[in-house]
Amino acid sequence: MAGKRRISVTDVGEISVVRFSDRKIVDSANIEEMGEELSSLVEKEKRKFILLNFETVEFLSSAALNTLIRLDKKVKAAGGKLIMCGLRSEIMEVFKITRLDRVFQIKKTEAEGTTAFGL
Amino acid sequence: MSEPIWNWVHEESIPSSLDAGHKAIDYLLNTLTSYGWDGREYFHVQMAIEEAMVNAIKHGNKESPDKSVAVRFRIAENLVWIQLTDQGEGFNPEALPDPTDEEHLDQPHGRGVMLIKELMTGVHYNERGNQVTMHKVRQVDAGE
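These protein sequence lines map, in sequence, to chains A and B.
According to this note's numbering, the first sequence is numbered sequentially starting from 13.
According to this note's numbering, the second sequence is numbered sequentially starting from 6.
If we strip away everything but chain B, and leave its shape as in the complex, we get (with noise of 0.2 Å):
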């Protein structure tokens, strides 16, 4: 696949904390609105760049001072990309529980990472799992 000419990049070191997770994610999702995405597709990103934000935030720099999340976002005709790398040690997706187990149903581990993979078209760990890189094609006028 040749690369997508890209309408819109965005890249920024945020701190470990939640409202600048936050803040970054906002600006994201308001650049999409005005590139005109809606409805369910933009949920879907809202969705998996809120889990993955989390992760890198919460579970990967544990929220310390010291360490920061690479946050790079780009915009094509009908694509949106997203990388967050974090510094904490990494995970290994493929060891979490599958949450839709009958016996893990009930558990709080393993929702996020499985909400990314089934809402967005593809999603990518790094060897250490210390970023994710994850984009999303949006179906155009499917009914129309």
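Only chain A is shown next, with the shape it has when bound in the complex (with noise of 0.2 Å):
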């Protein structure tokens, strides 16, 4: 596997568990690379099923959600499922004004994220 900056994966049978390596998520060179990190996991390493964990994520700018948004697509063209957890109440707060909620499965802890794959 490439050497990975931005995220760290874990992966637990089927199930991909992301990390990210940035607290704050704004720099546009960062966000691409973690944009090409994470289509990298779908496309190149063929991993269906991917949980990303914003645990330690104090911060993601707007242009943070457009990459989760391609990176949804990506998983959903390949007939996986993205699921999100671990998002401390201010990122919730954005999820939810921008509806972004609606598209995007968010569960609490990693355990429910696990869990919530159904597999």
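It is worth saying that the hints were derived from the structure and are not from the lab.
For lysine to any residue, the following SDA-like pairs were computed, each having C-alpha atoms within a straight-line distance of at most 25 Å:
1) A:K119 with B:E46
2) B:K28 with A:S40
3) A:K108 with B:K122
4) B:K122 with A:N78
Chain A is faced by these chain B residues, among others (derived, beta-carbon under 8 Å):
5) R45
6) Q51
7) T105
Note that beta-carbon positions come from the ideal geometry of N, C-alpha and C, so glycine has one too.
Fit chain to chain and form the complex, with the hints in mind.
Following this line, the structure appears as structure tokens:
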């Protein structure tokens, strides 16, 4: 597997649990790199079930949200499932305001997220 | 409304690079922290200034080295005021698609402008659309 700088991935059975290296996901070069690393997970490594754990993330911009939307489309196109967990309340509020809570499946904890794949 | 008593006023002209933008943002956010802002309202200001700065530098000035962004920050008791002016052609915030419409939900446009509007107490764009002025009033000790 190619080295990843913006994310770290732990495979738990069929599920790839992703954690983020940046506490603040704002820098556009870093967002682009994060997007490439996430895409590679789906397109090159053929992982279908992705759980994004945001526990360590304090802030993300709308550019980061756009990257997550693109990832969700890729995962769905590949017949997989993307679930998010560990969002702090401020970030959850952003998802609610933008109604992205209706686009993404969001769970509180990693355990709930893992179960939600129904595997 | 009478003019607030500003405790901190900062004005500078920054180059059209996101690095310079983030340096200015950090300066504002660190100052807000020193004035006791934290939690949800601090996050709201952080989100709004981040989105407005990216709009000014990337979409307004198109990161041109010949253009700059005029940055004005002010802090009063429980109030932060922010104005960013770029040298781009401007845009009409009303003309952006509503990013919460079902058909636009997965599209990349308009989310930043919408977040600024929702998270700040007041937002105003000049007629040309190259200047955003916004403020946030902090709710003090509501639950105590």
